[in-house]
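Line by line, the protein sequences are chains D and F.
If you read the first sequence in our numbering, its first letter stands for residue 1, the second for the next number, and so on.
If you read the second sequence in our numbering, its first letter stands for residue 84, the second for the next number, and so on.
Be careful, since some hints might not be right.
Stated by the list, open to error - Now the stretches of chain D that chain F is said to cover, found in silico as 3 or more residues with beta-carbon under 8 Å:
(1) 6-14
(2) 51-65
(3) 68-80
Keep in mind that the hints were calculated from the coordinates and are not lab data.
Glycine is no exception: its CB is placed at the ideal position from the N, C-alpha and C atoms.
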Amino acid sequence: MNTSKTWVWVIIIIAALALIGWLAWYYGFFSPVATEEGVQQPSVQRPVSDRDTTTDISNDLNSVDIGNPDQDLKQLDADLNQL
Amino acid sequence: MNKKFISGLVAIVFCLAFAFSAMAQTNQIKIGLENIKAKRTELNTQLKKAQEAAKNRLEVAREEVKKTVEARQTELKDKISKLRDKKKRQIVTRLDEQMARLNIQWTDHFSNVLNRLLEILGKIELRTTKAETSGKDVTAVKTAIQNAKAAIETARTAVETQAKKTYIATFSSETGLGAAFKVVREQLRKDLFGLRDGAMKNSRKAVQNALQALKSVPKVDEDKN
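Could you put together the complete structure from these sequences and hints?
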């Protein structure tokens, strides 16, 4: 009876350790690369954002205004007509 | 005892098998995520360098013609000072300044538009990397991205050429003032519209083509970053 309880505890402890080990690895506790990147992130400007679905990109592209110089050139005409 | 030992051992083996299988799967995902992270960092560095280089190139182009512009403006000021009509002197001075300023403003604007297009192209490239990481065929997108980069570079050169141009009227008499300045104004208009409707629109179209190629990749927006 006593030996049976011991075995149950051994199995639970091993399973728990395996689970803890996996969780620790999954969240990057053993990964030096992830830590370095975490330090570098704030110093780097990031214009290429996460919002990169084709809809987001399409919206970005549609908002690009190449412009029309005519408005500015018309301002010259008022002066030109006085010459 | 023997039975309990075997059942315990089997349970441990199952636990470990589950843990290692999960680890192997998450490892694959993690490698993919690290590739995308690295690509994003690489793109940002490239983008920053390209924008700084473009700014420098534009400044160098303006510096190259600075002496010529100064010489021609001194000549023009001399001619202006000989005009008898004070009001005309003021208008001509203002027109000369405005035309020079317009060329600077519009070349700066076009350069900023190209920077923005390069940023958008960066997003297309990042999404392409995600699609490629998940095993999709992105050959057509990569070709379209290269074409867009080439089109942006062509536009950059065209903007530099425009920045080097000078718009200074030449006139010999007071009666020819209006006509002389209208010729220069028309030339400025022609050049700015030529650049806008040519190289600038071509580069935008090339980015649009790259986006279109990306959109044709099946389920491209479903790839996680």
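Outcome of the hint check:
For the region 6-14 of chain D, the stated coverage by chain F is satisfied: 4 residues place a CB nearer than 8 Å to a CB of that chain, which reaches the threshold of 3. Closer than 8 Å: that is the beta-carbon criterion, and the region 51-65 of chain D has 12 residues meeting it against chain F, so the requirement of 3 holds. For a cut-off of 8 Å, the count of residues in the region 68-80 of chain D with a CB near a CB of chain F stands at 10, and the three-residue condition holds.
In summary, this structure violates none of the numbered hints.
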